[in-house]
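Just so we're aligned, residue 260 is where the sequence shown starts under this note's numbering, counting upward by one.
Just to be clear, a hint being listed does not mean it is correct.
Straight-line alpha carbon distances no greater than 27 angstroms define the calculated BS3-like cross-link-like pairs of lysine-lysine that follow [claimed, not checked]:
#1 Lys-808 <-> Lys-397
#2 Lys-517 <-> Lys-691
#3 Lys-459 <-> Lys-302
#4 Lys-762 <-> Lys-808
#5 Lys-808 <-> Lys-517
#6 Lys-808 <-> Lys-534
#7 Lys-534 <-> Lys-762
#8 Lys-397 <-> Lys-333
#9 Lys-588 <-> Lys-656
#10 Lys-653 <-> Lys-588
#11 Lys-363 <-> Lys-397
#12 Lys-762 <-> Lys-517
#13 Lys-459 <-> Lys-289
#14 Lys-590 <-> Lys-656
#15 Lys-363 <-> Lys-762
#16 Lys-534 <-> Lys-517
#17 Lys-437 <-> Lys-363
#18 Lys-289 <-> Lys-762
#19 Lys-693 <-> Lys-517
#20 Lys-302 <-> Lys-456
#21 Lys-590 <-> Lys-437
#22 Lys-588 <-> Lys-333
#23 Lys-289 <-> Lys-437
#24 Lys-289 <-> Lys-517
Think of the hints as simulated: they come from the structure by calculation, not from any bench.
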Amino acid sequence: MSLPSVDVCIVGSGAGGAPLALELGRAGFKVVVLEKGRHYQPKDFVHDEILNSRRNFFMPLPWEEPHLVRQGPKARYERSNAAWTANCVGGGTVHMSGFFYRLKPVDFRLRSTLGAVPGTTVADWPISYEELAPFYDKAEAELGVSGQAIPHPFAEPRSGPYPLPPLDVHPVASEIDKACSALGWHALPTARGILSKAYKGRAPCAYCALCGSYGCETGAKSSTLASLIPNAIATGNVEVRPGCMARSIEVDRQGRAKSVVYLDPEGVTQEQPAKVIIASATAVESARLLLNSTSSRFPNGLANGSGLVGKNLLFSSFGGSRAHFRVSKQKAARPWLTDPAPFVNRSLQDFYVMPDARHGFRKGGTLGFMWSHPNPIYAAVGLAGSGKSGVFGKELKDRMRAYRDSRILEFEVYAEFLPTPGTSVTVEPGVKDKYGIPVAAITLDRHPADFAATRFLVERGEEVLMRLDPDSVERVGTQGETTILQHGTCRFGDDPAASVLDKHCRAHEVPNLYVVDGSFMPSGGSVPSTLTIAANSFRVADHLVRTLKG
260 MSLPSVDVCI VGSGAGGAPL ALELGRAGFK VVVLEKGRHY QPKDFVHDEI LNSRRNFFMP
320 LPWEEPHLVR QGPKARYERS NAAWTANCVG GGTVHMSGFF YRLKPVDFRL RSTLGAVPGT
380 TVADWPISYE ELAPFYDKAE AELGVSGQAI PHPFAEPRSG PYPLPPLDVH PVASEIDKAC
440 SALGWHALPT ARGILSKAYK GRAPCAYCAL CGSYGCETGA KSSTLASLIP NAIATGNVEV
500 RPGCMARSIE VDRQGRAKSV VYLDPEGVTQ EQPAKVIIAS ATAVESARLL LNSTSSRFPN
560 GLANGSGLVG KNLLFSSFGG SRAHFRVSKQ KAARPWLTDP APFVNRSLQD FYVMPDARHG
620 FRKGGTLGFM WSHPNPIYAA VGLAGSGKSG VFGKELKDRM RAYRDSRILE FEVYAEFLPT
680 PGTSVTVEPG VKDKYGIPVA AITLDRHPAD FAATRFLVER GEEVLMRLDP DSVERVGTQG
740 ETTILQHGTC RFGDDPAASV LDKHCRAHEV PNLYVVDGSF MPSGGSVPST LTIAANSFRV
800 ADHLVRTLKG
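Work out the full structure: start from the sequences and follow the hints.
In C-alpha coordinates:
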(Lines of atoms letter the chains of each structure in order from A; the text may use other names.)
(Lines give C-alpha, C1' and ligand atoms only; values in the text may rest on other atoms or scores of the structure.)
Protein backbone atom coordinates (compact mmCIF):
# COMPACT_ATOMS: atom_id res chain seq x y z
CA MET A 260 0.00 0.00 0.00
CA SER A 261 1.35 3.44 -0.94
CA LEU A 262 1.22 6.00 1.86
CA PRO A 263 0.98 9.82 1.67
CA SER A 264 4.25 11.37 0.49
CA VAL A 265 6.59 13.20 2.86
CA ASP A 266 9.57 15.47 2.31
CA VAL A 267 12.21 12.99 3.51
CA CYS A 268 12.25 9.28 4.34
CA ILE A 269 15.23 8.07 6.39
CA VAL A 270 16.10 4.38 6.77
CA GLY A 271 17.84 3.98 10.14
CA SER A 272 17.87 6.01 13.35
CA GLY A 273 21.44 5.73 14.64
CA ALA A 274 24.42 8.08 14.47
CA GLY A 275 23.77 8.89 10.81
CA GLY A 276 19.99 9.02 10.55
CA ALA A 277 19.03 10.78 13.79
CA PRO A 278 20.95 14.07 13.30
CA LEU A 279 19.34 14.52 9.89
CA ALA A 280 15.89 13.77 11.28
CA LEU A 281 16.42 16.34 14.04
CA GLU A 282 17.69 19.13 11.78
CA LEU A 283 15.11 18.53 9.04
CA GLY A 284 12.32 18.47 11.62
CA ARG A 285 13.57 21.71 13.14
CA ALA A 286 13.55 23.27 9.67
CA GLY A 287 9.89 22.36 9.20
CA PHE A 288 10.18 19.41 6.82
CA LYS A 289 7.99 16.33 7.20
CA VAL A 290 10.18 13.31 7.92
CA VAL A 291 9.49 9.60 8.34
CA VAL A 292 12.21 7.46 9.96
CA LEU A 293 11.95 3.72 9.27
CA GLU A 294 13.63 1.57 11.92
CA LYS A 295 13.57 -2.23 11.73
CA GLY A 296 14.01 -2.70 15.49
CA ARG A 297 11.97 -1.85 18.56
CA HIS A 298 11.64 1.53 20.24
CA TYR A 299 12.99 0.67 23.67
CA GLN A 300 12.19 2.74 26.75
CA PRO A 301 14.47 3.23 29.80
CA LYS A 302 12.48 0.61 31.73
CA ASP A 303 13.51 -1.97 29.12
CA PHE A 304 17.20 -1.60 29.96
CA VAL A 305 18.06 -4.00 32.77
CA HIS A 306 21.38 -5.51 33.87
CA ASP A 307 20.68 -8.98 32.49
CA GLU A 308 23.56 -10.50 30.52
CA ILE A 309 21.46 -13.33 29.10
CA LEU A 310 18.75 -10.97 27.84
CA ASN A 311 21.08 -8.30 26.47
CA SER A 312 24.17 -10.18 25.33
CA ARG A 313 23.12 -13.79 24.73
CA ARG A 314 19.82 -13.38 22.91
CA ASN A 315 18.38 -11.10 20.25
CA PHE A 316 17.62 -8.04 22.39
CA PHE A 317 19.99 -6.00 20.21
CA MET A 318 21.46 -8.28 17.54
CA PRO A 319 19.31 -10.54 15.34
CA LEU A 320 19.75 -14.28 15.64
CA PRO A 321 22.01 -15.64 12.86
CA TRP A 322 19.55 -18.35 11.88
CA GLU A 323 16.86 -15.68 11.34
CA GLU A 324 18.92 -12.85 9.86
CA PRO A 325 22.41 -14.04 9.01
CA HIS A 326 25.29 -12.25 7.46
CA LEU A 327 27.58 -14.45 5.42
CA VAL A 328 31.26 -13.92 6.21
CA ARG A 329 34.39 -15.45 4.70
CA GLN A 330 38.11 -14.92 5.14
CA GLY A 331 39.36 -14.43 1.58
CA PRO A 332 37.69 -14.77 -1.81
CA LYS A 333 38.34 -18.52 -2.06
CA ALA A 334 37.00 -19.46 1.37
CA ARG A 335 33.49 -20.70 2.08
CA TYR A 336 30.93 -18.37 3.60
CA GLU A 337 29.86 -18.99 7.19
CA ARG A 338 26.58 -17.78 8.68
CA SER A 339 27.18 -15.23 11.42
CA ASN A 340 25.67 -12.25 13.18
CA ALA A 341 29.03 -10.46 12.85
CA ALA A 342 28.71 -6.94 11.40
CA TRP A 343 25.28 -6.43 12.92
CA THR A 344 24.79 -3.52 15.29
CA ALA A 345 21.81 -2.89 17.54
CA ASN A 346 18.49 -3.23 15.74
CA CYS A 347 16.45 -0.66 17.65
CA VAL A 348 15.63 3.02 17.62
CA GLY A 349 19.02 4.66 18.15
CA GLY A 350 20.90 1.82 16.45
CA GLY A 351 24.39 0.99 17.61
CA THR A 352 24.57 4.12 19.76
CA VAL A 353 22.26 2.39 22.26
CA HIS A 354 24.69 -0.42 23.18
CA MET A 355 27.95 1.43 22.52
CA SER A 356 30.55 2.09 25.20
CA GLY A 357 30.57 5.74 24.19
CA PHE A 358 34.26 6.30 23.38
CA PHE A 359 34.03 9.55 21.43
CA TYR A 360 37.17 10.48 19.50
CA ARG A 361 37.53 12.84 16.57
CA LEU A 362 39.48 11.88 13.50
CA LYS A 363 42.72 13.79 12.92
CA PRO A 364 43.48 16.10 9.98
CA VAL A 365 45.77 13.40 8.57
CA ASP A 366 42.83 10.98 8.29
CA PHE A 367 41.31 13.19 5.60
CA ARG A 368 44.50 13.07 3.53
CA LEU A 369 45.81 9.53 3.90
CA ARG A 370 46.78 9.07 0.25
CA SER A 371 48.52 12.44 0.17
CA THR A 372 50.32 11.59 3.41
CA LEU A 373 51.16 7.92 2.87
CA GLY A 374 51.16 7.77 -0.91
CA ALA A 375 49.53 4.97 -2.87
CA VAL A 376 49.91 1.88 -0.67
CA PRO A 377 50.32 -1.17 -2.99
CA GLY A 378 47.42 -3.59 -2.69
CA THR A 379 45.04 -0.95 -1.28
CA THR A 380 42.55 1.59 -2.56
CA VAL A 381 43.55 4.36 -0.15
CA ALA A 382 41.96 7.68 -1.13
CA ASP A 383 41.77 11.21 0.26
CA TRP A 384 38.46 12.59 1.45
CA PRO A 385 36.77 15.31 -0.66
CA ILE A 386 36.45 17.45 2.48
CA SER A 387 38.99 18.56 5.09
CA TYR A 388 39.07 18.35 8.85
CA GLU A 389 38.51 22.10 8.94
CA GLU A 390 35.22 21.68 7.04
CA LEU A 391 33.97 19.02 9.45
CA ALA A 392 35.24 20.66 12.66
CA PRO A 393 32.21 22.95 13.26
CA PHE A 394 29.96 19.92 12.98
CA TYR A 395 32.10 17.97 15.44
CA ASP A 396 31.39 20.87 17.82
CA LYS A 397 27.67 20.62 17.08
CA ALA A 398 27.55 16.84 17.46
CA GLU A 399 29.34 17.00 20.82
CA ALA A 400 26.92 19.66 22.06
CA GLU A 401 23.75 17.98 20.80
CA LEU A 402 24.67 14.48 21.97
CA GLY A 403 26.38 15.49 25.21
CA VAL A 404 30.10 14.64 25.44
CA SER A 405 32.25 14.68 28.59
CA GLY A 406 35.98 15.19 28.28
CA GLN A 407 39.13 17.20 28.77
CA ALA A 408 41.22 18.34 25.82
CA ILE A 409 44.98 18.39 26.52
CA PRO A 410 48.02 18.87 24.27
CA HIS A 411 49.52 15.70 22.81
CA PRO A 412 51.47 14.83 19.64
CA PHE A 413 48.39 14.14 17.51
CA ALA A 414 45.89 16.51 19.14
CA GLU A 415 43.32 17.68 16.63
CA PRO A 416 42.42 21.39 16.49
CA ARG A 417 39.42 22.39 18.62
CA SER A 418 37.48 25.63 18.92
CA GLY A 419 36.85 25.15 22.64
CA PRO A 420 36.44 22.69 25.52
CA TYR A 421 34.06 19.75 25.60
CA PRO A 422 30.46 20.58 26.53
CA LEU A 423 30.81 18.69 29.83
CA PRO A 424 33.71 18.14 32.25
CA PRO A 425 35.32 14.69 32.31
CA LEU A 426 33.76 11.79 34.18
CA ASP A 427 35.27 10.67 37.47
CA VAL A 428 37.99 8.11 36.86
CA HIS A 429 39.55 5.23 38.73
CA PRO A 430 42.89 5.91 40.48
CA VAL A 431 44.58 3.54 38.02
CA ALA A 432 44.31 6.34 35.46
CA SER A 433 47.06 8.20 37.31
CA GLU A 434 49.18 5.04 37.30
CA ILE A 435 48.78 4.79 33.52
CA ASP A 436 49.71 8.46 33.18
CA LYS A 437 52.93 7.85 35.13
CA ALA A 438 53.74 4.66 33.19
CA CYS A 439 53.33 6.41 29.84
CA SER A 440 55.37 9.38 30.98
CA ALA A 441 58.20 7.09 32.08
CA LEU A 442 58.21 5.62 28.57
CA GLY A 443 58.28 9.07 26.99
CA TRP A 444 54.66 8.84 25.80
CA HIS A 445 51.59 10.98 26.37
CA ALA A 446 48.48 9.46 27.94
CA LEU A 447 45.36 11.52 27.34
CA PRO A 448 41.84 11.53 28.82
CA THR A 449 39.28 9.64 26.74
CA ALA A 450 36.21 11.69 25.85
CA ARG A 451 32.96 9.84 26.48
CA GLY A 452 29.45 10.09 25.12
CA ILE A 453 28.25 9.87 28.73
CA LEU A 454 27.01 12.77 30.85
CA SER A 455 29.22 13.75 33.80
CA LYS A 456 26.46 16.02 35.10
CA ALA A 457 22.82 16.81 34.31
CA TYR A 458 22.50 18.13 30.76
CA LYS A 459 19.50 19.24 28.71
CA GLY A 460 17.00 17.45 30.90
CA ARG A 461 19.00 14.22 31.12
CA ALA A 462 20.40 12.71 34.31
CA PRO A 463 24.15 12.26 34.89
CA CYS A 464 25.95 8.93 34.88
CA ALA A 465 25.22 6.53 37.75
CA TYR A 466 28.63 4.79 37.31
CA CYS A 467 27.14 1.32 36.98
CA ALA A 468 30.02 -0.09 34.82
CA LEU A 469 27.61 -1.59 32.25
CA CYS A 470 27.87 0.71 29.23
CA GLY A 471 29.03 -1.53 26.40
CA SER A 472 26.48 -4.20 25.38
CA TYR A 473 23.74 -2.53 27.44
CA GLY A 474 21.24 0.28 27.10
CA CYS A 475 21.35 3.08 29.67
CA GLU A 476 18.42 3.12 32.06
CA THR A 477 19.15 6.68 33.23
CA GLY A 478 19.60 8.25 29.78
CA ALA A 479 23.12 9.38 30.67
CA LYS A 480 24.68 7.55 27.72
CA SER A 481 24.52 9.87 24.72
CA SER A 482 22.76 7.54 22.34
CA THR A 483 20.61 9.12 19.68
CA LEU A 484 17.72 7.36 21.44
CA ALA A 485 18.29 9.51 24.55
CA SER A 486 19.61 12.73 23.00
CA LEU A 487 18.37 13.39 19.46
CA ILE A 488 15.29 11.28 18.73
CA PRO A 489 13.11 12.79 21.49
CA ASN A 490 13.96 16.30 20.29
CA ALA A 491 13.26 15.33 16.68
CA ILE A 492 9.84 13.92 17.57
CA ALA A 493 9.12 17.03 19.67
CA THR A 494 9.30 19.21 16.54
CA GLY A 495 6.00 17.68 15.46
CA ASN A 496 7.48 17.03 12.01
CA VAL A 497 9.26 13.71 12.56
CA GLU A 498 7.57 10.31 12.80
CA VAL A 499 9.64 7.30 13.89
CA ARG A 500 8.20 3.96 12.79
CA PRO A 501 9.79 1.02 14.64
CA GLY A 502 9.48 -2.56 13.48
CA CYS A 503 9.68 -1.57 9.81
CA MET A 504 12.16 -3.46 7.60
CA ALA A 505 13.18 -1.66 4.40
CA ARG A 506 13.17 -4.01 1.43
CA SER A 507 14.04 -1.73 -1.50
CA ILE A 508 14.27 1.84 -2.72
CA GLU A 509 12.18 2.38 -5.85
CA VAL A 510 12.90 4.83 -8.67
CA ASP A 511 10.73 6.67 -11.18
CA ARG A 512 11.18 6.80 -14.96
CA GLN A 513 13.70 9.61 -14.65
CA GLY A 514 15.86 7.52 -12.31
CA ARG A 515 15.06 9.54 -9.20
CA ALA A 516 14.38 7.77 -5.92
CA LYS A 517 10.63 7.89 -5.32
CA SER A 518 9.87 5.64 -2.33
CA VAL A 519 10.98 3.04 0.19
CA VAL A 520 9.17 -0.29 0.14
CA TYR A 521 9.14 -1.90 3.57
CA LEU A 522 7.49 -4.53 5.70
CA ASP A 523 5.55 -3.11 8.64
CA PRO A 524 5.38 -4.76 12.09
CA GLU A 525 2.55 -7.04 10.88
CA GLY A 526 4.58 -8.13 7.85
CA VAL A 527 2.41 -6.13 5.43
CA THR A 528 4.20 -4.51 2.49
CA GLN A 529 4.02 -0.70 2.59
CA GLU A 530 5.43 1.97 0.29
CA GLN A 531 6.55 5.34 1.65
CA PRO A 532 6.99 7.99 -1.07
CA ALA A 533 9.29 10.96 -0.38
CA LYS A 534 11.01 13.80 -2.19
CA VAL A 535 14.35 12.73 -0.70
CA ILE A 536 15.44 9.23 0.41
CA ILE A 537 18.26 8.76 2.94
CA ALA A 538 19.90 5.41 3.72
CA SER A 539 21.56 5.11 7.13
CA ALA A 540 21.32 1.45 8.12
CA THR A 541 25.09 0.83 8.66
CA ALA A 542 27.66 0.43 5.91
CA VAL A 543 26.87 -3.26 5.42
CA GLU A 544 23.09 -2.95 5.53
CA SER A 545 22.85 0.23 3.44
CA ALA A 546 24.96 -1.42 0.74
CA ARG A 547 22.69 -4.47 0.96
CA LEU A 548 19.61 -2.25 0.59
CA LEU A 549 21.03 -0.53 -2.51
CA LEU A 550 22.19 -3.80 -4.09
CA ASN A 551 18.75 -5.34 -3.54
CA SER A 552 17.09 -2.27 -5.13
CA THR A 553 17.35 -3.34 -8.75
CA SER A 554 15.41 -1.94 -11.70
CA SER A 555 15.70 -1.67 -15.47
CA ARG A 556 17.69 1.55 -15.03
CA PHE A 557 19.86 0.09 -12.23
CA PRO A 558 20.10 -3.65 -12.93
CA ASN A 559 23.14 -4.07 -10.63
CA GLY A 560 21.70 -2.15 -7.73
CA LEU A 561 20.67 1.43 -7.08
CA ALA A 562 23.37 4.06 -7.72
CA ASN A 563 25.76 1.26 -8.71
CA GLY A 564 26.65 2.17 -12.28
CA SER A 565 30.28 2.44 -11.16
CA GLY A 566 30.13 -1.03 -9.61
CA LEU A 567 31.45 0.41 -6.34
CA VAL A 568 28.45 -0.09 -4.05
CA GLY A 569 29.65 -2.58 -1.44
CA LYS A 570 33.31 -2.17 -2.40
CA ASN A 571 36.07 -0.77 -0.16
CA LEU A 572 34.39 -2.16 2.95
CA LEU A 573 36.19 -1.13 6.13
CA PHE A 574 35.95 -2.28 9.72
CA SER A 575 38.43 -1.41 12.50
CA SER A 576 41.50 -3.51 13.17
CA PHE A 577 41.35 -5.02 16.65
CA GLY A 578 43.90 -6.23 19.15
CA GLY A 579 44.51 -6.08 22.86
CA SER A 580 46.00 -7.49 26.04
CA ARG A 581 44.99 -7.89 29.69
CA ALA A 582 46.90 -7.42 32.95
CA HIS A 583 45.82 -9.61 35.86
CA PHE A 584 46.23 -8.34 39.41
CA ARG A 585 45.56 -10.74 42.31
CA VAL A 586 43.76 -8.50 44.78
CA SER A 587 44.58 -10.54 47.89
CA LYS A 588 48.26 -10.52 46.95
CA GLN A 589 48.70 -6.94 45.78
CA LYS A 590 46.15 -4.75 47.57
CA ALA A 591 48.64 -3.68 50.26
CA ALA A 592 51.03 -2.30 47.65
CA ARG A 593 48.25 -1.14 45.31
CA PRO A 594 45.26 -0.01 47.37
CA TRP A 595 43.64 1.31 44.22
CA LEU A 596 42.84 -2.29 43.24
CA THR A 597 39.83 -2.29 45.57
CA ASP A 598 38.42 1.02 44.33
CA PRO A 599 35.07 0.26 42.61
CA ALA A 600 35.12 3.23 40.17
CA PRO A 601 34.31 1.79 36.71
CA PHE A 602 36.01 4.21 34.32
CA VAL A 603 39.69 4.37 33.37
CA ASN A 604 39.24 6.76 30.43
CA ARG A 605 42.84 6.84 29.27
CA SER A 606 44.10 6.60 25.71
CA LEU A 607 47.44 6.63 23.91
CA GLN A 608 47.90 8.08 20.41
CA ASP A 609 51.67 8.61 20.19
CA PHE A 610 51.80 6.09 17.31
CA TYR A 611 48.86 7.41 15.29
CA VAL A 612 51.14 7.93 12.27
CA MET A 613 54.66 6.58 12.01
CA PRO A 614 57.53 8.60 10.51
CA ASP A 615 58.48 5.74 8.17
CA ALA A 616 57.49 2.18 7.26
CA ARG A 617 60.36 0.36 9.02
CA HIS A 618 57.81 -1.61 11.11
CA GLY A 619 55.72 -2.59 8.07
CA PHE A 620 53.15 0.21 8.22
CA ARG A 621 52.79 3.97 8.31
CA LYS A 622 49.30 4.48 9.75
CA GLY A 623 49.06 3.29 13.34
CA GLY A 624 46.24 3.91 15.76
CA THR A 625 44.86 4.36 19.25
CA LEU A 626 45.04 2.36 22.47
CA GLY A 627 42.15 2.69 24.91
CA PHE A 628 42.57 1.45 28.50
CA MET A 629 39.66 0.11 30.56
CA TRP A 630 38.70 -2.39 33.22
CA SER A 631 37.56 -5.72 31.83
CA HIS A 632 33.81 -5.91 31.18
CA PRO A 633 32.11 -7.45 34.24
CA ASN A 634 29.74 -9.80 32.35
CA PRO A 635 30.26 -13.15 34.19
CA ILE A 636 29.12 -15.48 31.39
CA TYR A 637 31.38 -13.68 28.93
CA ALA A 638 34.28 -14.15 31.37
CA ALA A 639 33.50 -17.84 31.94
CA VAL A 640 33.37 -18.57 28.21
CA GLY A 641 36.76 -16.94 27.79
CA LEU A 642 38.23 -18.85 30.72
CA ALA A 643 36.97 -22.18 29.38
CA GLY A 644 38.48 -21.65 25.94
CA SER A 645 37.48 -23.73 22.96
CA GLY A 646 38.67 -26.59 20.81
CA LYS A 647 41.77 -28.49 21.88
CA SER A 648 42.81 -25.69 24.22
CA GLY A 649 39.49 -25.72 26.07
CA VAL A 650 39.33 -26.83 29.71
CA PHE A 651 36.64 -28.09 32.08
CA GLY A 652 36.30 -29.62 35.54
CA LYS A 653 38.84 -28.70 38.20
CA GLU A 654 41.06 -26.69 35.88
CA LEU A 655 38.15 -24.51 34.82
CA LYS A 656 37.07 -24.08 38.47
CA ASP A 657 40.59 -23.03 39.40
CA ARG A 658 40.62 -20.46 36.61
CA MET A 659 37.26 -19.11 37.72
CA ARG A 660 38.39 -18.82 41.35
CA ALA A 661 41.50 -16.94 40.25
CA TYR A 662 39.35 -14.65 38.09
CA ARG A 663 37.06 -13.97 41.06
CA ASP A 664 40.01 -12.76 43.12
CA SER A 665 41.51 -10.62 40.35
CA ARG A 666 41.15 -7.19 38.80
CA ILE A 667 41.79 -7.18 35.07
CA LEU A 668 43.02 -4.05 33.36
CA GLU A 669 42.98 -4.23 29.59
CA PHE A 670 43.39 -2.16 26.49
CA GLU A 671 41.84 -2.28 23.05
CA VAL A 672 43.60 -1.25 19.88
CA TYR A 673 41.85 0.73 17.17
CA ALA A 674 44.22 0.44 14.24
CA GLU A 675 43.86 1.48 10.61
CA PHE A 676 41.95 -1.01 8.46
CA LEU A 677 43.26 -0.29 4.98
CA PRO A 678 40.76 -0.55 2.10
CA THR A 679 41.50 -3.38 -0.34
CA PRO A 680 39.82 -4.41 -3.60
CA GLY A 681 38.87 -7.78 -2.11
CA THR A 682 37.21 -6.61 1.11
CA SER A 683 33.61 -6.00 0.16
CA VAL A 684 29.95 -6.80 0.69
CA THR A 685 27.60 -8.24 -1.92
CA VAL A 686 24.18 -9.88 -1.64
CA GLU A 687 23.55 -13.60 -1.85
CA PRO A 688 20.26 -14.39 -3.67
CA GLY A 689 20.42 -18.02 -2.54
CA VAL A 690 20.30 -17.13 1.17
CA LYS A 691 17.40 -15.07 2.50
CA ASP A 692 16.53 -13.76 5.95
CA LYS A 693 13.24 -14.19 7.78
CA TYR A 694 11.80 -11.34 5.69
CA GLY A 695 12.61 -13.16 2.44
CA ILE A 696 15.32 -10.65 1.51
CA PRO A 697 18.73 -11.75 0.12
CA VAL A 698 21.36 -11.36 2.85
CA ALA A 699 24.66 -9.51 2.92
CA ALA A 700 27.74 -11.57 2.01
CA ILE A 701 31.00 -10.15 3.41
CA THR A 702 34.48 -11.01 2.13
CA LEU A 703 37.52 -10.05 4.20
CA ASP A 704 40.85 -9.75 2.37
CA ARG A 705 43.08 -7.86 4.79
CA HIS A 706 46.28 -6.00 3.95
CA PRO A 707 49.43 -7.18 5.83
CA ALA A 708 50.08 -3.65 7.10
CA ASP A 709 46.91 -3.89 9.22
CA PHE A 710 48.34 -6.77 11.21
CA ALA A 711 51.78 -5.20 11.49
CA ALA A 712 50.24 -2.02 12.93
CA THR A 713 48.01 -3.90 15.36
CA ARG A 714 50.86 -6.10 16.60
CA PHE A 715 53.11 -3.06 17.12
CA LEU A 716 50.42 -1.21 19.06
CA VAL A 717 49.66 -4.24 21.23
CA GLU A 718 53.33 -4.52 22.11
CA ARG A 719 53.41 -0.84 23.12
CA GLY A 720 50.30 -1.30 25.25
CA GLU A 721 51.89 -4.27 26.97
CA GLU A 722 54.87 -2.08 27.87
CA VAL A 723 52.47 0.21 29.72
CA LEU A 724 50.79 -2.69 31.51
CA MET A 725 54.13 -4.18 32.58
CA ARG A 726 55.06 -0.85 34.20
CA LEU A 727 52.15 -1.45 36.61
CA ASP A 728 53.78 -4.72 37.77
CA PRO A 729 50.80 -7.07 37.30
CA ASP A 730 50.87 -10.76 38.21
CA SER A 731 50.57 -11.65 34.53
CA VAL A 732 49.81 -10.17 31.12
CA GLU A 733 47.66 -12.10 28.67
CA ARG A 734 47.66 -11.21 24.98
CA VAL A 735 44.11 -11.28 23.55
CA GLY A 736 45.06 -11.01 19.89
CA THR A 737 46.57 -8.98 17.06
CA GLN A 738 44.72 -10.08 13.92
CA GLY A 739 41.05 -9.37 14.55
CA GLU A 740 38.57 -6.77 13.45
CA THR A 741 35.76 -4.89 15.18
CA THR A 742 32.87 -5.42 12.77
CA ILE A 743 30.41 -3.11 14.54
CA LEU A 744 32.61 -0.20 13.34
CA GLN A 745 31.72 -0.10 9.65
CA HIS A 746 32.67 2.20 6.81
CA GLY A 747 33.40 2.55 3.15
CA THR A 748 30.81 0.67 1.07
CA CYS A 749 29.53 3.86 -0.63
CA ARG A 750 32.59 6.09 -0.38
CA PHE A 751 32.25 9.77 -1.24
CA GLY A 752 34.46 11.68 -3.65
CA ASP A 753 34.54 14.16 -6.49
CA ASP A 754 34.99 11.59 -9.30
CA PRO A 755 31.82 9.58 -10.13
CA ALA A 756 33.97 6.83 -11.63
CA ALA A 757 35.83 6.34 -8.34
CA SER A 758 33.09 6.99 -5.78
CA VAL A 759 29.38 6.41 -5.16
CA LEU A 760 28.54 9.69 -3.41
CA ASP A 761 29.52 13.32 -3.88
CA LYS A 762 30.98 15.45 -1.08
CA HIS A 763 27.49 16.03 0.34
CA CYS A 764 26.86 12.26 0.53
CA ARG A 765 24.40 12.46 -2.36
CA ALA A 766 24.55 9.65 -4.92
CA HIS A 767 26.25 10.73 -8.15
CA GLU A 768 23.65 8.85 -10.20
CA VAL A 769 20.51 9.55 -8.14
CA PRO A 770 20.18 13.26 -7.25
CA ASN A 771 17.70 12.81 -4.38
CA LEU A 772 19.36 9.80 -2.69
CA TYR A 773 21.76 10.25 0.24
CA VAL A 774 23.75 7.76 2.34
CA VAL A 775 24.85 9.07 5.75
CA ASP A 776 26.07 6.17 7.90
CA GLY A 777 29.74 5.15 7.84
CA SER A 778 29.39 4.08 4.19
CA PHE A 779 30.65 7.45 2.98
CA MET A 780 34.09 7.16 4.61
CA PRO A 781 37.04 6.33 2.28
CA SER A 782 39.10 5.52 5.40
CA GLY A 783 37.96 4.55 8.86
CA GLY A 784 40.51 6.41 10.89
CA SER A 785 42.16 4.81 13.88
CA VAL A 786 39.42 5.56 16.39
CA PRO A 787 35.79 4.49 16.88
CA SER A 788 33.85 6.42 14.24
CA THR A 789 30.48 7.11 15.93
CA LEU A 790 31.18 10.79 16.59
CA THR A 791 32.47 11.31 13.03
CA ILE A 792 29.33 9.75 11.53
CA ALA A 793 27.14 12.01 13.66
CA ALA A 794 29.20 15.10 12.81
CA ASN A 795 29.02 14.34 9.10
CA SER A 796 25.27 13.83 9.37
CA PHE A 797 24.90 17.31 10.86
CA ARG A 798 27.06 18.61 7.98
CA VAL A 799 24.86 16.90 5.38
CA ALA A 800 21.75 18.19 7.18
CA ASP A 801 23.05 21.75 6.90
CA HIS A 802 23.47 21.27 3.15
CA LEU A 803 20.15 19.47 2.66
CA VAL A 804 18.09 22.02 4.59
CA ARG A 805 19.52 24.81 2.46
CA THR A 806 18.95 22.77 -0.71
CA LEU A 807 15.32 21.93 0.10
CA LYS A 808 14.53 25.50 1.13
CA GLY A 809 16.05 26.68 -2.14
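**Report entry** Numbered hints the structure breaks, given as an ascending list
**Finding:** Hints 8, 22, 23 not satisfied by this model.
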